[in-house]
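Protein chains in written order, with the working numbering: chain A, 1 to 733; chain B, 734 to 1268; chain C, 1269 to 1365.
Among the hints, a few may not be true.
Stated by the list, open to error - Just some of the chain C residues that point at chain A, by a computed CB distance under 7 Å:
hint, residue
1, V1285
2, V1288
3, L1289
Stated by the list, open to error - Covered stretches of chain B (in silico footprint by chain A; criterion: 3 or more residues with CB under 8 Å from a CB of chain A, positions within the stretch not fixed):
hint, segment
4, 812 to 820
5, 1046 to 1056
6, 1114 to 1128
7, 1141 to 1150
8, 1182 to 1190
9, 1219 to 1233
Unchecked claim - Below 25 Å or equal to it, Euclidean Cα-Cα: the simulated DSS-like pairs (lysine-lysine) are:
hint, chain 1, residue 1, chain 2, residue 2
10, A, K442, A, K630
11, A, K630, A, K362
12, A, K224, B, K1196
13, A, K19, A, K264
14, A, K224, A, K673
15, B, K1161, B, K1239
16, A, K224, B, K1195
17, B, K1161, A, K264
To be clear, the hints were calculated from the coordinates, so they are not data collected in a lab. Backbone N, C-alpha and C define an ideal beta-carbon position, used for all residues, glycine too.
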Amino acid sequence: MMLLQIATQAHPLAGTVAKWVWLLPLLPFLGFLINGGISLFSAAHVGPSDPDMGHGHDDSHGDAHAISEAEDHGAHGDDHHAVKPHRYAGIVSIIGPLVLAASFVLAFMIFTTMRSVDMTTPFIQRYFSWMPVGTLQIDAAIQLDQLSMLMVLVITGVGTLIHIFSVGYMREDPGYPRYFAYLNLFVFFMLVLVLGANYPVLFVGWEGVGLCSYLLIGFWFSEKANADAGKKAFIVNRIGDFGFLIAMFLLFSNIGVLDFAGVKAAAPGLAFGGALVTAICLFMFLGCAGKSAQIPLYIWLPDAMAGPTPVSALIHAATMVTAGVYLVARSSFLFSIAPVASLVVALIGGLTALFAATIGLKQWDIKKVLASSTVSQLGYMFVGVGVGAYTAGMFHLMTHAFFKALLFLGSGSVIYAMHAAYHHTGSHEDAQDMRNMGGLRKYMPITWGLMWAATLAIAGIPPFSGFFSKDSILGATFERAGHSTLADASLFGIPGSTLLYLIYVFGVAAAFLTAIYMTRMMIYTFHGPNRTGSAEESHLHEAPWVMTGPLVVLGVLSVVGGWFNLPAIIPIGKIGVLDGWLDPVVGEATRRVAEAGGEAAHGASDELILIVVAVAVAVAGMALAFARLKPQTLVPASQSPEEEGFERVLAHKYYVDEAYEAAVVNPTYQISKRVLWRGIDAGLIDGLLVNGSSALMRGFGWVGSRIQSGAVGTYAWVLVVGVLAVLGAVTLR
Amino acid sequence: MEAFLQSIGYDSWVLPALLIIPLVGAIILLGLSQTADSDAELSGSNARARVIAFVVLLIEFIVSAGLWWSFNPANTGWHAAIDSQWIPMWGIRFTLGIDGIALMMILLTTFIMPLTVLGSWTSIKKKVHAYFAMMMILTSGMLGVFMARDLFLFYVMWEVMLVPMYFIIGIWGGERRLYASIKFFIYTMLPSLLMLVAILYLGIHAGSGGTPNFSYDNLVSHPTLAPRVALWLFGAFFAAFAVKVPMFPFHTWLPDAHVEAPTAGSVILAGIMLKMGTFGFLRFALPLFPGTAMNPTVRAVIVTLAVIGIIYGALVAMVQPDFKKLVAYSSVSHLGFVMLGIFALTLQSVQGALMIMINHGISTGALFLLIGMIYERRHSRAIESYGGIARVVPVFAALLTLVSLSSIGLPGTNGFVGEFLVLVGAFKPYPVFTTIAATGVIFAAVYLLWAIQRILFNPLDKKENEHIPDLNWREIGLMVPFIIVIIWLGVYPAPVLRRMEPSAQKLVTTVTQGAQLGAQAGAPAVAVSVTGAAR
Amino acid sequence: MLAESLALSAVLFTIGVIGVLTRRNAIIIFMCVELMLNAVNLTFIAFSRYYGAAGQVFVVFVMTVAAAEAAVGLAIIISIFRHRQSVNLQNINLLRG
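Start from the sequences, fold in the hints, and give me the full structure.
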């Protein structure tokens, strides 16, 4: 602690605007308090009889839909039944986005200050002692460095845009203040997550965002499916959090500190690639897999689409789900000395990228396509941070935040339009099913254009942002396969280098599939004939500007985001800005992984070939989609037959949910109920031992009371028999 | 504040005052109880009883609150100690005193008690005077347990506490109240008698000149028991405390008692009385028998039971159809964490155990109060009979969600601090057990979130739930202190931790040293000869 | 002579015991108890011939107690009879647990 304080005093940021860093999370928290107060206050005063309260439960929301029930409810969850805005909508619409915008402005000011000074050590601010117990000293402290600054900018920037979008999207929802309260609270926890100066504080944010995710997924809680999805997200995240906890325990019991600076200082003392550091990293990655929806814990994310669409954009695409990537980058000082663990990270990431991309191929719900895509892209990020290309992973995190938020918000606009149209005619068709869309380009040209920009970005078409970030990950993977500490390590007897080439192939294959399913989504949504229904068609229109505005900003960022970190081989601007920016944080770790001795195996020509391959694959994917998909032959969802064969397996996401249900959830429940409760608790312990012993005592009592009958005659008989027995015994002896 | 307290000689009278104030309240209440002739008069008299009870317990809380400031953590001896003759013939003295651990337990008790009075404001309709008088006597008994420095006095207080609770469950309880109250009484009484025998043995063994000596300090500083004897005595103490905790598999009285007890009874049971068991381990079982308690086999058995309790309690809680029973089993799980923390015996784990003791009192107490509130409206504890009521009772829903999250151990609420400290502390001595125990955090989320989903969320499909009135101001006001403490202890537990740390540290040190001494002494014969020499 | 006396008293005693055990009428049981007492008295008398007068003292004692007992016992039986029109012991089980 002493050391840290000295460092703080000498820090270049001391005394600058950075001293207000605590306001960053506090502003959204303030918003939460105000909006939450309004929500509770108005709810308490409106009273249950007000028709505005909640959404009328409508059983006629047909269950006849081919897609799972969850999607159906998800669709109708976007219920705009109450046409009148909430009575406090005005003030909430101002406070909700305003606190975020203020936070963003402050973050930007701190950012410019950071750029102006030469900062090599993190700026750590201690506020108070949180858990001081003997050698365990955990402070409520904030750590500001280049990595957390990047995250703060993404969170507050994208967050502000999504808040503004929400003003339009959620305007007519009866739970409007509650929605903004949760959203603000989410941003608060997210900022705590990225600004925490030690693992426990990070964990506060980590679980806090999980809580908000839970609340927001289940925002329309009157549908069981939504509430289920929220609960599932929380519990699956908790499984990950368990891993994170164990990682912290391992750190404390072996290193004795839990703050980043302390662990970073102690990390070199750990055995390189030793069992301890590997275990720490693997447990930590379990946490990341939960939060960032990686195999085997990705199952909650598709269900999480039950929440309002802006929530999906903010939490389940741009920010929260990337927390795992952030954690690995933050802990690069550990992962870089645990090559086996890093290989696992990269391998899981690669597998997830490919696996989720295949699921995305056959989804009909527009949000589920994007959800699979998010899982897949998160896999990419883990490949990046797994192979020790921490900057590349973070770069993709950033560009992904731009284009995926745009895609989600764009789909939100589409759903909004679809919903309004169906609402007009009183139809209960699924507003999220792409089979009910088609030809929307005509009605929503701005959304169409922006979403195409995002699609090109995610598909990896130059010069859109996704191209650069994805390429830097694939390039780094290929390079690490040539020579790095990872290539020298091995996993399950397979050499690391082989695995890395395999991961590269996974990545390229996933890129191919990404191009296909994204193009498919665009074609089915915006091109071809309209399948919404003749009555509804006339009501389809572009969303209001409060929603389209943020899309435009995100569109610009999706296009130019690549310029934040141009590779040396494409010098169309300043090269490697992000590399330089993040170098004080992750540079050392990156070099530790990359420079395993020996010369670089791949030169610039190799890099060019890689780029050409990546672009060719993306273009091929898009071309294939255009060539094979026939939007003209598609029929609306209600008339579509169910898929056959492998397509059905894909549409049902490989039946993994069902498998978990059958293998884990149900047995646990049944065993708990039948064996533990009925059997052991009620039967053995309480029934046999407790009530059994009491029954035994009562039995003794019963026998005793029978003997004491009070009938003197019986006593006399017993007496005589006894006397005779004694006499007999005495005489016959 | 300190100066003011010093000027009124606070430390010299506070502990006896805390014991006497509720008793005076009880006498007043009982004295006023026979004055009602008509219904109107009765309800007026009942209202007066409530106010008296609340005021007395509020005074109790205010008086005890001074301990927070007068307590000086740097002094590791007894605080506010008093010592006077009681039964000289048997060497029994009336000695009171607190350390950091007892301080927090006392404050927890005096904090919860007035709120339980508010919580039973309208739900108790018969024999109101007697009911509140029982609560008063109970308060004295519980506080006495935390203060006693004489083992005999401790035992007396231990049993004093049992009787009012027996009546509270047996008279004001639910349908199966007789079964539950008798079960509670016998279940906890039986091992307590074993403990009495052990206490008598200890007192006589430590006595001189034919007069026993029950002084705690004297007994702790003379660990001169043969290991075999110590094992038996420890077993007796263990039985008494393990049932009270309750540890798996001695827990089956708890669900029945919780379910049948009136709201305030459940709150007190869960909030305070369960802590008696763990407090007993910390104060008596460990320091008196360090060699036995730290015996690797004994320790392994207890830690195993604790971990089983964590998982088992959570799994069984998951499948309960009755919300009160669910919370009862969740207590088994939480108290398993406490036992793990105590027997892992590192500073962090013990501090964590103490934090969980406090947190569990707050969170579970608040949960039971909330259940009581909704029960008063719908007369059902079955989770099944609710669903979607968040729309009808939003304030209730917000509070229930927050309190459940605190019980789950969400960081930022009090629950996290305790569980984290226990696990982080226990990990070093017991990595495998702790890892298994940590899965408890997953199950906790499962059972509570599932329960609140089925109560608050899902479709509002039952007609009778559509017009439940939301919480009134009394109920909101009574929850506010809980909410404040939940957040405060989650965000800034340092003041509490600092007050307990020296006591926890002392405990860890003495027990560890005692265990080493015992180990060095080796064979029983050596220990006996040491005893002889000491005489 | 002694043997004959003892045999007679044994027979009388046994008759008394059997009466007490088998009969249900309170009066008869009472008579049988008296019979047993008198059988014992006979034994005392028989022994007093060989071992001194202490046995005779005892007999007087027993007779006194028996008289008192007969007075109280018969009074109780009569009051029971008045109450229930029966002295059958089977029916008198009010205190039975």
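Here is how each hint holds up against the structure:
1. For the restraint placing V1285(C) at the interface with chain A, the shortest Cβ-Cβ distance is roughly 6 Å, inside the 7 Å limit, so the hint holds.
2. Taking 7 Å as the C-beta cut-off, the interface hint given for V1288(C) holds, the closest approach to chain A being about 6 Å.
3. With a cut of 7 Å, the hint placing L1289(C) at the interface with chain A holds, because the nearest CB-to-CB distance is about 6 Å.
4. With 0 residues having a Cβ less than 8 Å from any Cβ of chain A, the segment 812 to 820 of chain B misses the three-residue criterion, and the hint is violated.
5. Here's how the segment 1046 to 1056 of chain B fares: 5 of its residues keep a CB closer than 8 Å to some CB of chain A, so the rule of at least three is met and the hint holds.
6. With 7 residues having a Cβ less than 8 Å from any Cβ of chain A, the segment 1114 to 1128 of chain B passes the three-residue criterion, so the hint holds.
7. Beta-carbon proximity to chain A at under 8 Å applies to 5 residues in the segment 1141 to 1150 of chain B; the threshold of 3 is reached and the given coverage holds.
8. Counting residues of the segment 1182 to 1190 of chain B whose CB lies closer than 8 Å to any CB of chain A gives 5, which reaches the minimum of 3, so the coverage claim holds.
9. Only residues whose beta carbon comes within less than 8 Å of a beta carbon in chain A count, and the segment 1219 to 1233 of chain B has 6; three or more means the coverage holds.
10. Pair hint K442(A) plus K630(A) holds up; C-alpha atoms about 18 Å apart against a cutoff of 25 Å.
11. For the proposed pair K630(A) and K362(A), the alpha carbon gap of about 14 Å is at most 25 Å, so the pair holds.
12. For a cut-off of 25 Å, the pair hint linking K224(A) to K1196(B) stands: about 17 Å separates their Cα positions.
13. Pair hint K19(A) plus K264(A) holds up; C-alpha atoms about 24 Å apart against a cutoff of 25 Å.
14. Proximity of K224(A) to K673(A) is assessed by CA-CA distance (about 23 Å); at most 25 Å being required, the pair is judged to hold.
15. As the CA atoms of K1161(B) and K1239(B) are separated by approximately 19 Å, the hinted pair is consistent with the 25 Å bound.
16. Between the alpha carbons of K224(A) and K1195(B) the distance comes to roughly 14 Å, so the proposed pair stays at or under 25 Å and holds.
17. A C-alpha spacing of about 21 Å is found between K1161(B) and K264(A), which places the hinted pair at or below 25 Å, so the restraint holds.
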